[in-house]
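Trainee: The whole structure should be built from the sequences, with the hints applied where relevant.
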Amino acid sequence: MPSGLAMTILGANHQVKDDRDDKALQKTLEAIKKELDSNFKCKVPGTPHDDLFEDYSDARKTNFLDNLDLFVEDAKEAVEVEKNQLKASRLWQKHLGDKFPDGEDVDMDKKEKELKALKASILSNTAYSQKDNTITEDSSGVKNQPHKNYGG
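With the numbering used here as the guide, the letters of the sequence shown map in order to residues 9 to 160.
Quick caveat, the hints were computed from the structure, so don't treat them as lab data.
What follows is a set of in silico ranges between Cβ atoms, one per label pair, in the way DEER data are often shown:
#	residue 1	residue 2	range
1	147	102	46 to 56 Å
2	46	117	27 to 37 Å
3	107	42	26 to 36 Å
4	12	141	41 to 51 Å
5	108	55	29 to 39 Å
6	128	42	35 to 45 Å
7	75	144	45 to 55 Å
8	115	55	46 to 56 Å
9	108	66	24 to 34 Å
Beta carbons are placed, not taken as given, at the ideal position from N, Cα and C, and that holds for glycine.
Mentor: In structure tokens:
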């Protein structure tokens with residue numbers, strides 16, 4: 009793997025922003041890969057503008073690009089395919105290490121669907137908060153108050 013300096017330069021030069029950190033990292037990795045596939049250089053952005061990759065042997069270059077390909081593939085799977093946060097976090101941990109936190113063992117598509125289903129009852133003022141901290145239309149709980157804070 010390249011030095012931390014090289015990885016920092018690549019990350020800074022190819023950073024892609026997104027509201028979600030996982031998508032931002034995925035897109036940044038894809039941008040780095042695209043650049044290095046066409047031009048395998050990493051110039052220091054200061055005098056004397058050394059290329060940190062100029063002394064890389066073919067084997068070292070191939071090893072780095074192969075590992076970058078695997079990282080990009082796992083990032084894509086974690087963001088676009090895997091619906092369970094815990095399983096997605098395992099993909100990230102393969103490349104970022106075991107200090108990368110575990111995600112929740114939750115199916116995010118199912119959770120999103122449940123939240124969207126609640127949206128109508130919350131907005132129509134028919135939602136009730138239950139003792140187990142869930143929101144339902146079961147009137148045994150505490151009736152939710154209408155939302156009155158519209159920003160500003």
